[in-house]
Amino acid sequence: MQTENVQEDLWIPTTCGLCYSVCALKVHRVNGTVIKIEGNPESSTNRGRLCPRGVSGIMALYDPNRVNVPLKRTNPKKGLDVDPGWKEITWEEAIDTIAARLRKIRHDDPRKLLMTGTVTTQDEVPFARFFTMAFGTPNGWNSGAGNHCGTAEHLYGALLHASWAKQPDSDHCRYLLNFGSGVGSGSYYTVTGMAQRIAEARLRGMKHVAVDPFLSPSAEKADEWIPIRPGTDAAFALAMLHVLVHELKVCDADYLKHHTNGPYLIGDDGLYLRDETEKVPLIWDPVDGAAKPFHSPEIKDFALEGVYAVDGASARPAFTVLKEHLTPFTPEWAEPITTVSAATIRRVAKEFAEEARIGSTVVIDGKVLPYRPVAVMYFKGAQGHKNALLSCMALELLTEIVGSSNVPGGLLGMNSCSLGYPETGQPSWIPKADRDGLMITGYWPTFPPPYPPKEVRATETIDLRGLIPTCPGSSGALPVVMADPKRFGVPYQIEMNLQLGSNYLMTFANPEAVARAFQDVFQVSFALFLDESTYLSDIVLPAASYLERLSHTADWMSSNSAVGEWCYHVRQPVVDPIAERRSVCEVLLELVERLEMREEFYAFINLLLKLKEPYALDPTRRYSWSEIVDHRYKSLFGEARGLEWFKKHGVLKWPKQAEEVYWKPSSTARVPIYFEWFKSLGEKVKAQADEIGIPLDTSAFQPLPEWRPCRAHEENSPGYDFHAIYYKLPMQTFSGTYDNPWLDEVCQTNPFAYGVAINAAAARLKGIEEGDWIEITSVSTGHTIRGRAALTEGIHPEVIAIAGCGGHWSKYLPIANQEGKGLCFEWLMPVGLDNVDIPSLTQDSCVKVRVAKAKEQT
Amino acid sequence: MRIEVSFYGFVRDLVNTSKFVIDTSDKTTLRELLDLAAQRHGEKLRERLLSAKGDLAPNVQIFVGEHATTSLDEPIDHGHDLCTGVKVFVLSATAGG
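Just so you know, the protein sequences line up as chains A and B, in that order.
One point on numbering: in the working numbering, the residue at position 236 of the first sequence is 236, and numbering is uninterrupted.
One point on numbering: in the working numbering, the residue at position 65 of the second sequence is 1065, and numbering is uninterrupted.
Honestly, the hints are just simulated from the structure, not real lab data.
Incorrect hints may have been included.
Here are the simulated PhoX-like cross-link-like pairs (lysine-lysine), alpha carbons at most 25 angstroms apart as the crow flies [as the list claims (entries may be wrong)]:
#	chain 1	residue 1	chain 2	residue 2
1	A	Lys249	A	Lys350
2	A	Lys454	A	Lys684
3	B	Lys1053	A	Lys112
4	B	Lys1027	A	Lys454
One chain only, chain A, in its complex shape:
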């Protein structure tokens, strides 16, 4: 560009919105046009780094296929391939139509409104939740995450770490045992910052052991890869636990005594023994030879092992119950289940135990803290199964047994404890204990937190979360209930879906079945593109992208790294919204006025954003979106740190204190190693389900872990001899980025990104060579998908692996909809409660398939 033609040359701080990591950006704008996006080194979230998605955001901003004007459907018929017959309308007509619908529903029964969202609109979804709460509906679904959601993993995040997600302590960890998560490799939370932190950890000597069916983008960076049969991670973990407590006799007794319910006495009925007066759990004091309330100041020591008589009843400490429970789970037992040799499991357990360095301490910020430099990570891969609840329990207990939870070197919550910005003390949250001494999260991004256990209620919501309150994330039951609410005792039918960028047809399971559940719903979509799910929409509104909108909640609990500095950013428009695109939050504010619900809406904002005077919203006047954002920032960080300050500086940061990062040693809240309350909760769920007439298998509500086969493990139909799994790519986010030309180009350089990873020897037995078109048929849905074979030694011989969410079919996505641009894994997975882990409502994403060379090779 000629220098004399430059009237403007700016670098604008903002944040990325192409996944849930909230990386800090510097956007270069020249003469009103964005010409480059870089990472902002001022933020410790991503430390100046960006992934391919972040760099490519410029292409999404100026993509000619973006929705630029409001559209309404002219074709009343709906279906996966049915052209909606879009007709351009004005914003006025769109808002009039939507407001009229909403007004009628609110008057009739507000529960008939559903809101669906996704991780790339997570700055807008919380505000939309305020809207739906004020509106009066309990129904929301983060369906963009869909089957990618951590679900049961998040449950244990709450129960054991007081956080939505976890990370290894990248500053001190020396042994990362990673069951299939993408931490530090291109997916998972704080993705780019963590990639650098994990790389540095490996340089200083941390060993990364990846237990994964596939030599995935994460496993390929590990020191050791252990291929495992999908859905059997719990068996591996149980065998490790057996080795730890029975063969090596290793556990952190001090941690178990003071920070878990390990010493709580369990009766023969599997429940706590409680004291007569306070009804709190009892422990056994071996010094005095007496049972005492767990919080008694008279306790001289806690028994972890033994059998004791208390008031004529037999009781054992929870740790003893767990230890006895682990007896049969030997490495030899696990070997045929996992296909991992018993010797390997034993070796890993020994390495893990030695590296845990039980008893050692380290001084940080002048404080002597336990040093347990081992961390066990897992996410969707290990937990996304029919056995999710019990698998996660087994994996988590590895951390608890060696005491490496939220201490230096171990597994850290993101971010369990916040003491706030030093000048204001906000935002602040600290885990606390309930009457039983067990931990309640200080903060939880959705409502309510999973513990204390909620009352089991009739099916008031469309996702079964009233009936099954242990589901913390995207409910796998929602499309099932949506399709037939009466069967589940739901006294209404969803009539309208406010869709905030979620392409749910491609992120959950069998698109045909999901489409049937949604096709009779009046759908209003805030969309960047006319993706597959907008085929079911009645109105599509042109949404402003993250580079065109302002947000007050760019950051959330899991967008800050677990270590380092706190960083709070602004997401601000770097250009004015192009064409007729508008911010979702601004549109919602207009709807609030049209529906005359300002007083209620502002009341929720004040309550949930904790806006106090002088920053509380006054319902007698109308606020703009930027004024609300300004109030939010000033409420958190003081009068001098309002929106204008953030727009200029981009990020407010301060160092984390040791007691925030390593909060467990100073916390009086205990965590369970024996999940006592699961048992009685399951009984209540069963009773309520029976009353409604829903056949539910609630047997997984149990206090101790075990391995149970997925449906795929028991499927023996001839010819269906592969397990299909999916994994996340560093260069795509779910189904939302596949039309980006730069990301497409990157994917084309990698045969696995758009292809199907298959074991080379197994492929050749079927006459399949590198690059051949192959057909994959699901035994569960009967659907067949096509892709090119990518042969590798780096995959379990029983497994094929499919990356991300390709295989688009919308005619409005001209790059993504071409054959060979990835596969839509969801066609292989059935929709149904028999494919869901009932306690966590996790969708089982492991499926048995038939693989054959395609007859047509063009």
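Mind docking chain B on chain A? Use the hints.
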């Protein structure tokens, strides 16, 4: 004592009007107030707001004036003005992921 009770959120299916005013004695407790509301709007309102044990449901937050309270059995005017507003928020359990 005059109390203005406002309901917010996941009660709109049960309480069509978001506000009502009650003239009652100075000793009225929140529990009695909610009983009165349930008499007006049906027993389902009580089920929505209270647990089976009679405690406040975890997704319900009540403010007497500006003060959040979980005590159902204290007189409403305890420590506050005689004429006051009671705000009952029923939050929605929303899915994440």
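Right, here's what the structure says about each hint:
1. Distance hint between A:Lys249 and A:Lys350 is fulfilled; the C-alpha atoms sit about 11 angstroms from each other, no more than 25 angstroms.
2. With a C-alpha separation of about 11 angstroms, the suggested pairing of A:Lys454 with A:Lys684 holds against the 25 angstroms cut-off.
3. Under the criterion of a C-alpha separation no larger than 25 angstroms, the hint pairing B:Lys1053 with A:Lys112 is inconsistent with the structure, at around 29 angstroms.
4. A hinted pair counts as satisfied when its Cα atoms are at most 25 angstroms apart, and B:Lys1027 with A:Lys454 does not qualify at roughly 31 angstroms.
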